[in-house]
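Protein sequence lines correspond, in order, to chains A and B. Number 236 in the numbering used here belongs to position 236 of the first sequence; there are no gaps in the numbering. Number 325 in the numbering used here belongs to position 325 of the second sequence; there are no gaps in the numbering.
These are calculated hints, taken from the structure and not from any lab test. Just to be clear, a hint being listed does not mean it is correct.
[Stated by the list, open to error] Here are the computed lysine-lysine pairs in the DSS-like style, where the Cα-Cα straight-line distance is at most 30 Å:
1. A:Lys142 with A:Lys120
2. A:Lys119 with B:Lys349
3. B:Lys336 with A:Lys17
4. B:Lys352 with B:Lys336
5. A:Lys163 with B:Lys336
6. B:Lys434 with B:Lys6
7. A:Lys32 with A:Lys123
8. A:Lys10 with A:Lys32
9. A:Lys77 with A:Lys119
10. A:Lys114 with A:Lys77
11. A:Lys120 with B:Lys349
12. B:Lys336 with A:Lys10
13. A:Lys163 with A:Lys75
14. B:Lys6 with A:Lys77
15. A:Lys77 with B:Lys349
16. B:Lys16 with B:Lys6
17. B:Lys439 with A:Lys123
18. A:Lys114 with B:Lys6
19. A:Lys123 with B:Lys6
20. B:Lys434 with A:Lys77
21. A:Lys10 with B:Lys439
22. A:Lys114 with B:Lys184
23. A:Lys119 with B:Lys336
24. A:Lys75 with B:Lys16
25. A:Lys189 with A:Lys120
26. B:Lys336 with A:Lys189
27. B:Lys439 with B:Lys352
28. A:Lys190 with B:Lys336
29. A:Lys163 with B:Lys349
30. A:Lys32 with A:Lys114
31. A:Lys163 with B:Lys16
32. B:Lys434 with B:Lys352
33. A:Lys123 with A:Lys190
34. A:Lys179 with B:Lys336
Note that the structure is predicted; figures quoted are calculated from it, not measured.
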Amino acid sequence: MAIVELENVKKVYTLGKAEVHALRGVTFAIDKGDFASIVGPSGSGKSTILNLIGCIDQPTEGVVRIDGTITEGLKDKGLTTLRHETLGFIFQSFNLIPVLNVYENIEFPLLLGKNRPSKKEIKEWIEFLVEAVGLADHMHHKSNELSGGQRQRVAIARALATKPEIVLADEPTANLDSKTGQSIIELMKKMNAELNTTFIFSTHDRTIMEIADHVIQLLDGLVVEDSKTGAKAGNLL
Amino acid sequence: MFLTMKVAFRNISRQKKRSFLLAGAIAFGMLVITLINALTGGVVGNIRDNFSHALGGHVFIMGREWTDAGQMIMKIRPDGRLDRLLEENAAQIEGFTRRSQAMPSLIFGSKQTMHLLYGVDFEEEDKLLGSLAVTEGSLNEVLTQDDVIILPQPVAERLGVLVGETLLIRLETLTGQQNVGEVKVAALIEDQEQLGLSASYISRSYLNALLGMDPHEYQLLNMFVTDLDGVEIFARTFREALRNPDEQEEVEAEAEPEVSVTVGGMPIDPLPQQEEVTRWEGTRYQVMNINQIMEAVELVVGVLNRVGLVIFLILLVVTMVGITNTFRMMMIERTKEIGTMRAFGMHQKQVKHIFLWEAVFLGLLGCLAGLVLSAVVTLVVGSIRFNAAPSMQFFLDDGRISFALSLPETILNTALVVFTSLIAAYWPARAAAKLSPMKALSSHT
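Modelling step: build the complete structure from the supplied sequences, incorporating the hints.
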């Protein structure tokens with residue numbers, strides 16, 4: 001069952017008087033529980049797709065459907081609620097909130113919504129997540145007291161805090177050494193398997209692509225290969 | 001709300017130096033206004049105390065009656081109603097004095113001047129002696145001799161009289177005859193004419209004799225009350241209880257008596273010229289209180305407070321500009337963070353609240369620091385005993401500057417600071433809330 005669907009999505013940015021066609025008619029679907037990778041060279045439209053799926057940007061044309069909801073026409077409030085309830089984010093540069101410690105960073109998304117779990121439930125769930133990402137000893141450390149790999153682990157736990165259907169990761173290993181990057185990907189894969197959360201990440205890293213069970217290759221704003229459907233627009237990578 | 005408050009509070013400690021400077025600017029403004037308010041409050045209290053000692057009380061009762069010859073005179077005779085009232089309200093009366101008064105000509109050689117003269121029972125009024133700022137001579141003599149006078153320095157200078165010399169007092173008796181007395185100058189005191197209080201003092205029995213009154217009669221009954229806050233109610237109790245039935249209708253038509261605190265400086269209301277004089281039987285009483293006399297002083301103090309407020313507002317505006325700029329800078333610095341929070345589902349309103357809470361905390365921290373600094377300054381300055389000019393002693397409490405801070409004023413100033421901080425932070429907060437999550441996340445800050 002598709003949890004993310006893009007139908008003929010186009011995205012045009014205006015830079016001064018020039019128009020940049022970031023996406024030129026992208027169509028694909030990602031099923032629930034997929035560990036999907038969007039790959040392609042710089043400027044191919046990976047981040048734009050993640051922004052559209054993450055509801056932090058809107059397409060110029062086409063339909064983006066997240067867990068059955070079409071994002072077009074949703075106001076800021078609706079998009080924010082959709083993000084909070086359905087999506088989690090992992091960023092290339094971790095983006096932890098510096099004034100909060102590990103526990104508080106993970107707790108942060110849980111405190112934003114209206115239907116909050118009880119304090120006890122929150123505590124138990126965060127302790128589970130912290131344990132799962134291997135940071136039980138660093139619960140009360142601030143982000144500047146952690147290494148890059150540890151920060152990204154916190155970011156993974158935070159992305160999973162609200163038990164989202166989808167976690168989006170924009171080049172999650174780009175700022176990490178290969179060994180740490182590998183361990184992060186393995187952790188994501190583990191969480192994907194354990195929680196049946198859909199992971200969608202953009203990457204350049206071939207080794208990471210190999211772990212993915214669904215790879216979408218982009219070039220110049222178009223899908224050139226979708227491993228699930230077998231669709232190919234040519235051997236471009 | 002708790003989350004936004006928590007993040008805001010932590011953000012304050014993020015850039016310690018910057019927060020310290022901003023809160024410091026607010027604290028300075030708060031220090032200035034608090035000190036001005038506390039100082040004026042203390043000065044008012046001291047003037048009120050010194051006034052009440054000089055005038056012999058907080059509540060003043062005067063008696064007026066008509067003579068057989070058709071003259072209205074000021075006199076209080078023994079009166080059961082008054083005695084009963086004093087007895088009934090004894091718990092609220094700290095002490096009372098009975099004075100006579102006149103506006104005689106003081107003559108020395110070829111010079112003369114008219115000046116208010118109080119006839120005082122000096123043994124009864126030890127507080128008065130304590131409040132007078134003596135510039136020359138001694139007050140000891142007035143306790144042992146009747147025919148000695150305490151003169152304000154400027155009056156002595158006008159007359160050219162020195163301590164120990166004798167001058168003449170010429171006045172009209174209550175019934176209109178001319179009378180003359182001879183008194184020796186015992187002491188010169190600092191004049192308070194600029195505050196509407198300038199009087200000479202003499203023994204009441206001596207003045208009574210000159211005025212043609214019996215020694216047990218007097219013209220003013222002055223009372224010190226135990227609770228100064230309730231002085232208005234206390235005065236009203238006496239006013240209403242001493243009102244004759246025939247007075248009722250006339251009084252209802254009259255407004256509260258206005259007191260002129262100028263040269264006479266006395267809480268008296270001599271028969272107004274425009275008043276249509278209707279004779280009455282017996283004694284009519286007029287009751288006034290210190291607040292009516294303090295109005296003039298409080299007017300001056302009010303101006304001082306307003307000047308302080310203007311300085312405070314100018315400082316606030318300067319601080320406001322600082323806060324706005326700092327918050328704009330903060331917004332730019334935290335763009336990516338704002339994007340992250342928005343990505344995770346933080347609503348625009350919540351982002352705005354983080355910034356606004358920061359402004360509130362900064363304002364409150366600044367106020368708190370300002371108040372603590374003010375407390376330190378007032379404690380230090382208040383403990384110093386100044387050897388100030390005698391005229392300044394009227395503003396001091398036993399040579400010390402007193403500070404009295406009113407809680408409502410402090411709350412009002414704090415609210416003003418917090419409100420101004422909120423206004424200053426509002427536009428950067430709004431801009432932060434309106435940031436597009438995508439643009440914020442792609443920012444390099």
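Practice task
Go through the numbered hints given earlier and state which of them the structure violates, listing their numbers in rising order.
Solution key: 17, 22, 24, 31
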